[in-house]
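Kindly generate the complete structure, drawing on both the sequences and the hints.
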Amino acid sequence: MSGPPLLEVRALTKRFGGVTAVDGCSFAVRRSTITGLIGPNGSGKTTVFNLVTGHLPADSGQLVFDGRPVTRPDPGRLYRRGLSRTFQQPRVFGELTVLENMSAAAGHDWRALAGRRLSARDAARGDALLAEFGLSGHRDTPAAELSYGQRKLLEFAALLMSEPALVLLDEPTAGVSPAMVATIERHVRARNTSGTTFLLVEHDMGLVMRLCDPVIVLDGGTVIAEGPPDDVRSRPRVLDAYLGG
Amino acid sequence: MHEAVQAVILGVLTGGVYALMASGQTLIFGVMKVVNLAQGALVILAAFLSHSLFTAWGVDPFLSVLIIAPLMFALGAAVQWLLLRPLHQDDAALLSLLVTFAVALGIEGALTVVYHTDYRTTRPAYVDRSWRIAGYQVGEVRLAAFALSLITLGGLWMLLSRTRFGRSVRATVQNPVAARLLGVETARVAALGFGLGAATAAAAGAVYGMVYSFNPNSHYDLISRLLSVVILGGLGSLGGTVVAALVMGVASSLVGALASPVWSDFSFFVVLLAVLLLRPQGLFGARLRGAL
Amino acid sequence: MRHPYRHASSSRALFAAVAATAVLVACSSSAKPSSSASSHAPLKIGISLSLTGDFSDPGKSAERGYRLWADTVNAKGGILGRKVQLSIVDDTSSPTQVVGNYQNLITKDHVDLTFGPFSSLLTIPASQVAKRYGYAFLEPAGGGPKVFAQHLHNLFFVQPAPVVKQGDVFADYILSLPAARRPKTAAYPALDDPFASPIADEVRTRLEAAGIKTVYQQIYPAEITDLTPVVSAMAAKKPDLVVGGTQADDAYRMVKAMVQLKWAPKLLYLSNGANDPHNFPGNVGASNVDGIFSSGDWFPSSNTYGNAGFLSAYTRKYGGTAGTIDSTSAEAYSCGQLLEEVAAKTGKVDNATLISALHTGSWQTLEGNLSWNADGAANSSYVLVQWISGKMLPVYPAGRAQHAPVIAALPWGG
Amino acid sequence: MRRRLGRYRRYGPGLAGLAGLAALVVFPLAVSAPWLVTVGLFTLMYAALASAWNLVGGYAGYPSLGHAAFFGMGAYAEAIWWTHRTAGSGYGPFWTLPPIGLAVAAVAVPVAWIAMRTRTDVFAIVTITFLFVVQTLAFNLRGLTGGAQGVAMPVAPFTPATFERPFYYAMLALLLLALAMSYGVLHSRLGLALTAVRGDEDKARSVGVPVGAAKLTAFALSVVVTAMAGGVWAYYLSFIYPQFAIDPLLSIGMVLMVFLGGRGTLWGPVLGAFVVAPAQQYLAYRFGASQLYLLAYAALFVVVMLVMPRGALPTLRDRIRRAEARA
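Line order of the protein sequences matches chains A, B, C and D.
All residue numbers for the first sequence refer to the numbering used here, where the first residue is 1 and numbers rise by one.
All residue numbers for the second sequence refer to the numbering used here, where the first residue is 246 and numbers rise by one.
All residue numbers for the third sequence refer to the numbering used here, where the first residue is 538 and numbers rise by one.
All residue numbers for the fourth sequence refer to the numbering used here, where the first residue is 952 and numbers rise by one.
Hints are computed from structural coordinates only; laboratory data are not their basis.
For glycine and all other residues, C-beta sits at the position ideal for the given N, C-alpha and C.
Please note: incorrect hints may appear among the correct ones.
Stretch by stretch, here's where chain B covers chain C in the computed footprint (C-beta under 8 Å, at least three residues) [claimed, not checked]:
(1) 750-761
(2) 768-775
(3) 794-803
(4) 812-824
Dropping the structure here:
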């Protein structure tokens, strides 16, 4: 399925003091793809994530999400519109139970504040997702007691409560066991099959090559290559960037 | 016009003393992210010690700093080591706020037991002298106090920028985790930093005791102003603190002389709230909080 | 849902706490009220004083005065054969605590009489409690306008006149000068305090009526550490006379600021702070006090009723010299004197007798001869004092003066 | 045994709550001594204040040191409204409390909106600065507040023997209101949102939790109770001054009680208030003269922070859980 891209980034720029972290960066994420965003350390990948999701204000550039321009990106509003993200270090609410973590991420606005702490609908959907992610056994434990890998899974699963159109995963497999890498990969594929679009920052090249198409390569805050993984891999500029230039 | 200039002169001199008092506060915040509510009480404690040394043995208040500063250093280091270090990490910021308040209450209580609540002033022979400079009166003590503030602040700056200890402090301020990995013993640095912050209170207290009258309750009047100065200066920035203290000194003095003294603190607080509205990190706060 | 479970243990704890409170209550309410009816039981007087907190020094002075009086009267065999027993409790300078304290004293300890607290700010809530239970309220310290605006019949302010009138004696003195020697212009800086700024206002009203021009008028807040901006603004207006509505440390600060700025008016009156023989020279410097006027209710050299005995008893009990006695001690002592006199005259010491007796006639105290209006304000007057050759001496009115007022340049002027 | 415990867990809290409430309702009727009722009324006041503070300081993790300002605003609003009116039967001043609570909350929302741009430590300082601003206004707006001279309210015409009762029940009603709010918040989505905010505010924002609305609602609820308590206090004392109505020590007292009992719990603040408030009154009455009062207070404070930094209830609960796990 093609048509207009789900996310379009145009000439995005961000400076920190004298350093230009993101420099006129432009790319698009097409619907139903698993797009990879790679690049050497310090190439600006996480900053791009932060700019796209409104965690950092951009100095200049435009964003178009789902056909509508985003003038003042606000993380909460974008989340409710279907754009969500994970963090490099998984961030869950340690004092809430696993199920409550699911409910907290359901994307309700202020009108729901007066409602029950855990609505029957949220609980049912949360339970279904927890079953899908194999976390049902931990449903009522505080999230602080989960292992690192389990927290990554929980953070990912919780986002799905909002039925996002686009999920930005920031190094989803960093620091987890090989078995957990496989689990995460399986879940991303499964969700992609059912229609969710992904944008991935990842250092595990094997995973990127297996999972992503297309792949966007970032260096010095600009896009230096874009295309199918095998194609991108062989370009000399990309090799230069990775091998140090 | 004459009044305004006189007010500015006074404001700058007063601001110098506040800069000295607040520098310890900002140092402590920078090193440990602890808002030290006891800083005012430490200043008043030092003022009493200096007053006692002067009345009992005739020790000049400026010289008394040399005796009091080590004592205050030990007290500050002890507070950090015994009371703040054991706090639960997750809530350290909030709990330390309360613990330092308890320390302030404790100091106030002890001072009340020993000295009662009568007001005092340290009065060396030169305290009433003043110079007339271009038609403006400038008290000798105030000028000397300002000079002492500059010297202490300069010394502090040298210490932080030129010594190994200073580098450890700055490393701890910028990134405690990395500093620990690089072999800086952060707990010890924190104790030394707190001690140093308390030691600057010694200088501030000796000066305060000559310029103003004080009693054990006086720290309540000090602390809100010190906190405002530290926030306005951008929490943890030494240079910002000095500028903020001068801004406060001049603003209070001008409003006091030209409008009414009942609004002088108020106007400063309103400025503070306005600044926070526009720049939550304070006037000079670096994006990475705590660049000394 | 985890929450009901989560709160189980806390509810248990709360229940235990409530149960414990109930037990405590049961025990204490079964305690027998003391039998105050017996004529040989001690006469219990309840007083709440600020022994800690902002007002603790004057609070302790008041305590010394009260205790000295109790010792004195007990040495003479007590009142109507009953030993006086004081219950002095601490209110930590808090109005919430002072209300609780008087209530405790009256309804728990069943004291026979109550005397007032020290801090003037605490007098109003305390006097309401005394009124509620029909107790006479002899109070040595609450003389602000709002105290009398309560129109309490049971309240007696044991000082010569309402605090507002403290500066009147100075205005009287200025107006007694021949017109040519009077100051032409005046400045009125005053502390924002119910017992300071009204004094300056009262003097200003009277001097303005007599044609003395007001060139500067300013209220400053209590937490001000430095009065230099005020003094420099005032100096720019060059007033002949400065009338400071001061309380204590702000008087020191004002003199210090004048000294530092090397500016002095021709006449300087400070309502309080400058009338403290012990602390004033220590804070502003003994060489800076001469010529400053102040006024007050009591001085060691007063020739009022019982003063000689008071001075000797005080120095015997607490040491020191007469010059170090705070007037608050004398005010507190005077409350006791009144009680003694009423008992001697009527043969009774109950509250109703005390209230009706004090509302008729005039009574002798260390504070002078006092009589009260319906709201509890006495109708006497204060004494003007001036620092002369390092000593604070009564100078006006003539009847109580020990020296004539001296008009000379202040020591730091020039 | 196990089943009995289970049943206790289901019904126990409700029963204990009811029993506690009944004890509190009966207290002034059973105990005729006015001084005890006074102690009770101030204890209830502190319990209500601590519970209200807990909504912001405990649940949301925003330690406000400025709550005394809202207490003072409530006190002044009540006093100014009634200063030139007569109290009639004496119950009138209680009916003006709800609108005063709401009005002060309306003022508090923009203040909170500014202050809550900052986090924990800075937030604490900003709020205490706000407190000093309000105190300065109370001193300086003489036309409105009477300045340092204070404001008088009509004295309630209740009979001396039962004078305290109406005030006592007003404070009890406020405590119940605060507890109802606490309970409601805990069991609503607002509570979930606040716990998320306390844990990781940025993350909460990024998963669409309406962070601003949640914080402001908690703050406003908290202020409603705080301001009304101020109103009752003013009426009880019948005379207020700026330095007592807007007293930083009141803020500190709330914080101490909440920390002692347990932050973010329903009953913790109440427990803290029931221990500290009577102890404070009694110790000052009994031992204040010894001068060591402040030192003792400071020592208690430090001990609480070092020994049970999370408060009595959570510490106790952990003990019980561990003991049960072992059994």
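Hint by hint, which ones does this structure get wrong, listed from lowest number up? No hint contradicted; all consistent.
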